[in-house]
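With these hints in hand, go ahead and build the complete structure from the sequences.
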Amino acid sequence: MDYGSHYYRRAHWVKIVQACQNRPSDITAKQWLKDNGISDKSYYYWLKKLKTEKISQAYNI
Numbered sequence: 211m212d213y214g215s216h217y218y219r220r221a222h223w224v225k226i227v228q229a230c231q232n233r234p235s236d237i238t239a240k241q242w243l244k245d246n247g248i249s250d251k252s253y254y255y256w257l258k259k260l261k262t263e264k265i266s267q268a269y270n271i
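Each number in our numbering corresponds to the 1-based position in the sequence shown with 210 added.
The set of hints was computed from the structure by calculation and includes no laboratory data. A few of these clues could be false.
[As the list claims (entries may be wrong)] With beta-carbon atoms standing in for the labels, derived distance ranges:
no.: 1; residue 1: Asp-212; residue 2: Asp-245; range: 31 to 39 Å
no.: 2; residue 1: Gly-214; residue 2: Ser-252; range: 14 to 22 Å
no.: 3; residue 1: Gly-214; residue 2: Lys-259; range: 28 to 36 Å
no.: 4; residue 1: Ser-235; residue 2: Gly-214; range: 30 to 38 Å
no.: 5; residue 1: Asn-246; residue 2: Arg-220; range: 14 to 22 Å
[To be verified] Each computed BS3-like pair below joins lysine-lysine, with the alpha-carbon atoms no more than 27 Å apart:
no.: 6; residue 1: Lys-264; residue 2: Lys-240
no.: 7; residue 1: Lys-225; residue 2: Lys-261
no.: 8; residue 1: Lys-240; residue 2: Lys-258
For glycine and all other residues, C-beta sits at the position ideal for the given N, C-alpha and C.
Okay, here's the thing in structure tokens:
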């Protein structure tokens, strides 16, 4: 995968993760994902990946 594809895919998932985290409090993450046609596995994979990147950047690893 080239850099452009990785950058686009990452930016796409950042938006999805942010939208899920900002969902109304009466809707569970599982329900929000289902309503938006997003697989649980993909969401949690990217959530973990993005959190790991954020931690790495904070510690300059």
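Hints the structure fails to honour: 3
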